[in-house]
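Undergrad: Listed below, chain by chain, are the residues.
Number of protein chains: 2
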Amino acid sequence: MRADVTNALTRSFFEEWARTGYAGLSLERVARTAGVGKAALYRRWPDKVSMASDLLSHVGLTMTDVEEHGSLEADLQAVLLAIRRVLRHPKVRRILTDLHGEIERTPALEMAIRPFQRARRERINGLINRAIKRREVSPLVDREMAADLIAAPLYWRIAVLGGRSDRAYIKRLALVTGAALRASAPS
Amino acid sequence: MRADVTNALTRSFFEEWARTGYAGLSLERVARTAGVGKAALYRRWPDKVSMASDLLSHVGLTMTDVEEHGSLEADLQAVLLAIRRVLRHPKVRRILTDLHGEIERTPALEMAIRPFQRARRERINGLINRAIKRREVSPLVDREMAADLIAAPLYWRIAVLGGRSDRAYIKRLALVTGAALRASAPS
DNA sequence: ATCGGTTGGAACGGTAGCGTTCCGCTGAGA
DNA sequence: TCTCAGCGGAACGCTACCGTTCCAACCGAT
Chain X
1 MRADVTNALT RSFFEEWART GYAGLSLERV ARTAGVGKAA LYRRWPDKVS MASDLLSHVG
61 LTMTDVEEHG SLEADLQAVL LAIRRVLRHP KVRRILTDLH GEIERTPALE MAIRPFQRAR
121 RERINGLINR AIKRREVSPL VDREMAADLI AAPLYWRIAV LGGRSDRAYI KRLALVTGAA
181 LRASAPS
Chain A
1 MRADVTNALT RSFFEEWART GYAGLSLERV ARTAGVGKAA LYRRWPDKVS MASDLLSHVG
61 LTMTDVEEHG SLEADLQAVL LAIRRVLRHP KVRRILTDLH GEIERTPALE MAIRPFQRAR
121 RERINGLINR AIKRREVSPL VDREMAADLI AAPLYWRIAV LGGRSDRAYI KRLALVTGAA
181 LRASAPS
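Chains as they are written, first to last, in UniProt numbering: chain X, 1 to 187; chain A, 1 to 187.
Calculated from the structure, these hints are not laboratory results.
These figures come from a predicted structure and were not determined experimentally.
Among the clues, some could well be false.
Stated by the list, open to error - Calculated cross-link-like contacts (lysine to any residue; reagent style SDA-like; alpha-carbon spacing at most 25 Å):
#1 Lys38/A <-> Ser71/A
#2 Lys48/X <-> Thr10/X
#3 Lys48/A <-> Gly162/X
#4 Lys48/X <-> Ile103/A
#5 Lys48/A <-> His89/A
#6 Lys38/A <-> Val59/A
#7 Lys48/X <-> Gly24/A
#8 Lys48/X <-> Arg19/X
#9 Lys91/X <-> Arg94/A
#10 Lys48/A <-> Thr106/X
#11 Lys171/X <-> Leu175/A
As the list claims (entries may be wrong) - Label-pair ranges, simulated between beta-carbon atoms:
#12 Ala119/A <-> Ala82/X: 44 to 50 Å
#13 Gly70/A <-> Arg135/X: 28 to 34 Å
#14 Val86/X <-> Gly70/A: 36 to 42 Å
Quick reminder that beta carbons are idealized off the backbone N, C-alpha and C, glycines included.
I would like the entire structure built from these sequences, with the hints used as guidance.
TA: As structure tokens, then:
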């Protein structure tokens, strides 16, 4: 199999996904916009969900920073900025919101994004652990709720509402979220 | 136009929406599952987006409570419980996540849900105003950020992650969110 | 009893995607 | 230089949906 053909198909797949949504995604069109014959695509993947799962599982897991910044709020700000960096790309944003809706209908996709969810959870877990060591939050803090508190507001704002989030907003959000975590009781 | 036919079409429209997603929604199937001829549907609405907009704009706006509960945290808990009450219905959950993804592609749908967004914002604004009167939060609090902080974590947990949220969780979330709002600096 | 609008149902031509098959060409490795 | 897997392109039969049109049946109001 020629690697350049595979790459072109991969690129077109995500581009079309962002453009039409998963449900409206047509493999015929993916092949066409990739400048590739349908046979070349079907030789690699049997159907849409297999292609999506395979491609998603090969997407970069490059957000494994350690990021010790000295305080809970500084760590939070770093995590929020990292989230914003990802959500800034319009294609990522569209695919992500579409994916969250589609997963209810196509459970196979949920498996494919497990690695991402795990990466995010570990990242936040590390942040919490450092905060506990610094005695900034209770050792009994509810980690699930903490994860929701940290990631959800920014995701909601950027991806769902399509709103802005400048650096000052991120900074204030980090401070406020820090206050929430410091007040967080055990589960 | 017979009202029972319109009702059957409406019911089928939302049922199919929850089942297949907006993109996969076929008016032909809506008419079929409603036990109605296609002509009866097309006599009422010219196309899918018109039908969706019209039906959405007629959906209940029945969540206009005043809900003074004596404290910021009690008010928060009431709002969170109201949100949970809505997100509990699987069909609502599916349609909502699907809608959030679809809006990027079909701006007309955004117009249709404006009333809901406004209702939610006013509800939260009232909550904030009461908290300011009680001197629980700063009068200069960033209301947009407050709205994100209140609604997003629960939406994220229930609708996106598909997680549980028992009454104890809601209560703790209300306490923690309260701490965040009390610490919230002006914009 | 009559009348006029609405109904379910069937059919229309057209578009689009699916997944498969076949063909003649190309280009990289033996 | 030869060979052959992979290539694009085109076509296949099939299914689904679109939006329109027609019809005979129906039914409520006059």
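Undergrad: Look at each hint and say if it fits the structure.
TA: Hint check:
| no. | hint | verdict |
| --- | --- | --- |
| 1 | Lys38/A <-> Ser71/A | 54 Å, violated |
| 2 | Lys48/X <-> Thr10/X | 12 Å, holds |
| 3 | Lys48/A <-> Gly162/X | 24 Å, holds |
| 4 | Lys48/X <-> Ile103/A | 23 Å, holds |
| 5 | Lys48/A <-> His89/A | 23 Å, holds |
| 6 | Lys38/A <-> Val59/A | 23 Å, holds |
| 7 | Lys48/X <-> Gly24/A | 15 Å, holds |
| 8 | Lys48/X <-> Arg19/X | 16 Å, holds |
| 9 | Lys91/X <-> Arg94/A | 22 Å, holds |
| 10 | Lys48/A <-> Thr106/X | 23 Å, holds |
| 11 | Lys171/X <-> Leu175/A | 22 Å, holds |
| 12 | Ala119/A <-> Ala82/X: 44 to 50 Å | 33 Å, violated |
| 13 | Gly70/A <-> Arg135/X: 28 to 34 Å | 33 Å, holds |
| 14 | Val86/X <-> Gly70/A: 36 to 42 Å | 41 Å, holds |
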